[in-house]
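Single-letter residue listing:
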Amino acid sequence: MAESGCNARSDELYEEVVAIHGSALDRLARAYENDPDKRRDLLQEIHFALWRSFEHFAQRCSLRTWVYQVAHNTAASHVVRQRRIHAGLVSLEEIDSLPGRDENELSVDRRAVLEQLQRLIQRLKPVDRQVIFSYLEGMDAGSIAEITGISSANVAMKIHRIKNILARRFQRGGLHGR
Amino acid sequence: MADELRPDETQDLWRNQPVDAVRMSADDLRRKAQRFEAKIRRGFRGTVVLMISAAAGWAWLLYFFPSPVHRVGASLTLAAYLYCAWQLHKRGVADKAPTDSASATCAAYRQELVRHREFTSSLWWKFMLPFVPGPAMFVMAFLVPEQGVVKAMVLTTALILPPFVLAIPLFRKGAQKLQGEIDALDTLMKQS
Chain D
1 MAESGCNARS DELYEEVVAI HGSALDRLAR AYENDPDKRR DLLQEIHFAL
51 WRSFEHFAQR CSLRTWVYQV AHNTAASHVV RQRRIHAGLV SLEEIDSLPG
101 RDENELSVDR RAVLEQLQRL IQRLKPVDRQ VIFSYLEGMD AGSIAEITGI
151 SSANVAMKIH RIKNILARRF QRGGLHGR
Chain W
179 MADELRPDET QDLWRNQPVD AVRMSADDLR RKAQRFEAKI RRGFRGTVVL
229 MISAAAGWAW LLYFFPSPVH RVGASLTLAA YLYCAWQLHK RGVADKAPTD
279 SASATCAAYR QELVRHREFT SSLWWKFMLP FVPGPAMFVM AFLVPEQGVV
329 KAMVLTTALI LPPFVLAIPL FRKGAQKLQG EIDALDTLMK QS
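Sequence order for the protein chains is D and W.
Under this note's numbering, the first residue of the first sequence is numbered 1, with each subsequent residue one higher.
Under this note's numbering, the first residue of the second sequence is numbered 179, with each subsequent residue one higher.
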């Protein structure tokens with residue numbers, strides 16, 4: 001039964017994780033789902049998956065790595081289930097090769113910049129989405145490599161590309177209209 | 179450029195966005211676990227009901243059309259329903275299973291893509307092919323006495339073939355798309 005393995009330790013770890021990473025998990029759900037109702041469902045699904053996963057947490061990696069692996073895996077499954085895979089998701093490389101600053105993407109206020117950023121992230125394939133999300137959350141290349149399972153060198157290369165893309169597409173002027 | 183956002187500004191903007199944090203209590207989570215199990219049980223019951231309904235329908239045909247060819251056709255179709263119901267049930271249980279442990283996200287995503295590719299490429303023979311022999315025999319049983327064997331075979335083929343002609347390339351294209359994703363992930367994971 002699902003319930004049997006989830007004990008007091010799962011509850012404690014879950015409480016700890018929600019206190020530390022709760023906001024980041026919400027942002028992670030935003031990186032994967034635009035529709036508010038579906039996003040809330042996804043977020044609940046992530047919380048549920050995390051709670052269940054703590055039964056198997058043997059501290060072979062940090063709690064943070066574990067949390068993001070479970071959360072990203074749940075969200076990536078959500079993307080595949082939603083058939084977004086067929087809806088023209090692109091890689092960082094493909095986004096990078098698109099024309100730089102699109103007039104439609106010029107920002108008018110902080111909220112608009114965030115929406116543009118979310119739209120950009122949601123266009124990416126899941127692995128690139130994980131890298132850009134982790135970068136925006138302030139993680140270093142080593143941590144991102146541990147979460148995703150790709151090499152630090154590869155992550156560093158992707159981060160370099162992300163910085164270029166973000167610089168080309170987002171202007172400081174967009175933050176003045178708060 | 180002077181008006182470009184610095185990387186740390188973009189990060190600040192992202193991290194300081196208003197959030198709608200979810201906090202589920204232990205009781206909520208246990209209730210969700212129970213609901214999850216209930217959903218699986220309901221899915222299983224649904225499959226059983228589907229199987230029984232199909233069985234009843236085809237049993238009625240077995241009774242209503244007593245000729246041996248009709249009966250073989252009805253029996254084969256009944257077997258196809260049962261087989262598909264079992265496949266759907268198997269797939270449903272695997273689909274609804276939550277993530278129980280963490281693994282590097284690339285590997286987990288690859289596994290998910292492989293599962294979908296296998297499902298997509300097996301759709302036509304798992305869920306379409308089983309429904310060929312039974313209905314074909316059933317239709318033939320009506321057509322042969324009136325049209326003769328050759329004409330009956332041509333008509334039956336004309337009836338059964340189009341869905342395959344349309345569906346197989348679609349499934350194949352879907353599987354190829356997924357395979358492309360898997361190959362890209364493999365390349366990424368090899369570059370270590």
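Hints are supplied without guarantee of correctness; some may be wrong.
Result set (SDA-like, lysine to any residue): computed pairs, CA atoms no more than 25 angstroms apart in a straight line [as the list claims (entries may be wrong)]: (1) D:Lys38 <-> W:Asn194; (2) W:Lys217 <-> D:Arg81; (3) D:Lys38 <-> W:Gln289; (4) W:Lys368 <-> D:Ala153; (5) D:Lys38 <-> W:Lys368; (6) W:Lys304 <-> D:Asn34; (7) W:Lys210 <-> D:Asp109; (8) W:Lys268 <-> W:Gln325; (9) W:Lys217 <-> D:His78; (10) D:Lys38 <-> W:Leu339; (11) W:Lys368 <-> D:Arg110; (12) W:Lys368 <-> D:Ala49; (13) W:Lys304 <-> W:Lys329; (14) W:Lys210 <-> D:Arg27; (15) W:Lys217 <-> D:Arg161; (16) D:Lys38 <-> W:Arg201; (17) W:Lys217 <-> D:Ala153; (18) W:Lys368 <-> D:Ile95; (19) W:Lys217 <-> D:Ala49.
Just the calculated beta-carbon pair ranges, DEER-fashion [stated by the list, open to error]: (20) W:Asp198 <-> D:Glu55: 38 to 48 angstroms; (21) W:Arg350 <-> D:Asp37: 32 to 42 angstroms; (22) W:Ala216 <-> D:Ile20: 50 to 60 angstroms; (23) D:Asp140 <-> W:Arg201: 39 to 49 angstroms; (24) D:Ala112 <-> W:Asp364: 29 to 39 angstroms; (25) W:Arg201 <-> D:Lys38: 18 to 28 angstroms; (26) W:Lys368 <-> D:His160: 36 to 46 angstroms.
Hints listed in this document are in silico derivations from the structure and should not be mistaken for laboratory results.
Quick caveat, the model's predicted, so the values are computed rather than measured.
Don't be surprised by glycine CBs; every beta carbon is placed ideally from N, CA and C.
Hint-by-hint comparison with the structure:
1. D:Lys38 <-> W:Asn194: 22 angstroms, holds
2. W:Lys217 <-> D:Arg81: OK: Lys217 (chain W) and Arg81 (chain D) at ~17 angstroms, within 25 angstroms.
3. D:Lys38 <-> W:Gln289: 24 angstroms, holds
4. W:Lys368 <-> D:Ala153: 12 angstroms, holds
5. D:Lys38 <-> W:Lys368: 34 angstroms, violated
6. W:Lys304 <-> D:Asn34: 34 angstroms, violated
7. W:Lys210 <-> D:Asp109: 39 angstroms, violated
8. W:Lys268 <-> W:Gln325: 42 angstroms, violated
9. W:Lys217 <-> D:His78: The given pair, whose Cα atoms are some 18 angstroms apart, holds under the 25 angstroms limit.
10. D:Lys38 <-> W:Leu339: Given that 25 angstroms is the threshold and the Cα spacing comes to 39 angstroms, the pair is violated.
11. W:Lys368 <-> D:Arg110: 39 angstroms, violated
12. W:Lys368 <-> D:Ala49: This hinted pair is violated, its Cα atoms lying about 29 angstroms apart.
13. W:Lys304 <-> W:Lys329: 29 angstroms, violated
14. W:Lys210 <-> D:Arg27: Holds - the C-alpha atoms of Arg27 (chain D) and Lys210 (chain W) are around 22 angstroms apart, at most 25 angstroms.
15. W:Lys217 <-> D:Arg161: 43 angstroms, violated
16. D:Lys38 <-> W:Arg201: 17 angstroms, holds
17. W:Lys217 <-> D:Ala153: 44 angstroms, violated
18. W:Lys368 <-> D:Ile95: Roughly 22 angstroms between the alpha carbons, so the hint for Lys368 (chain W) and Ile95 (chain D) holds.
19. W:Lys217 <-> D:Ala49: 16 angstroms, holds
20. W:Asp198 <-> D:Glu55: 38 to 48 angstroms: 27 angstroms, violated
21. W:Arg350 <-> D:Asp37: 32 to 42 angstroms: 34 angstroms, holds
22. W:Ala216 <-> D:Ile20: 50 to 60 angstroms: Since Ala216 (chain W) and Ile20 (chain D) have Cβ atoms about 32 angstroms apart, the given range 50 to 60 angstroms is violated.
23. D:Asp140 <-> W:Arg201: 39 to 49 angstroms: The hinted range 39 to 49 angstroms is violated for Asp140 (chain D) and Arg201 (chain W), with Cβ atoms some 28 angstroms apart.
24. D:Ala112 <-> W:Asp364: 29 to 39 angstroms: 38 angstroms, holds
25. W:Arg201 <-> D:Lys38: 18 to 28 angstroms: This hint holds: roughly 19 angstroms between Cβ atoms.
26. W:Lys368 <-> D:His160: 36 to 46 angstroms: Violated, since Lys368 (chain W) and His160 (chain D) (Cβ atoms, about 20 angstroms apart) do not stay within the stated range.
In this structure, the hints that do not hold are numbers 5, 6, 7, 8, 10, 11, 12, 13, 15, 17, 20, 22, 23 and 26, in rising order.
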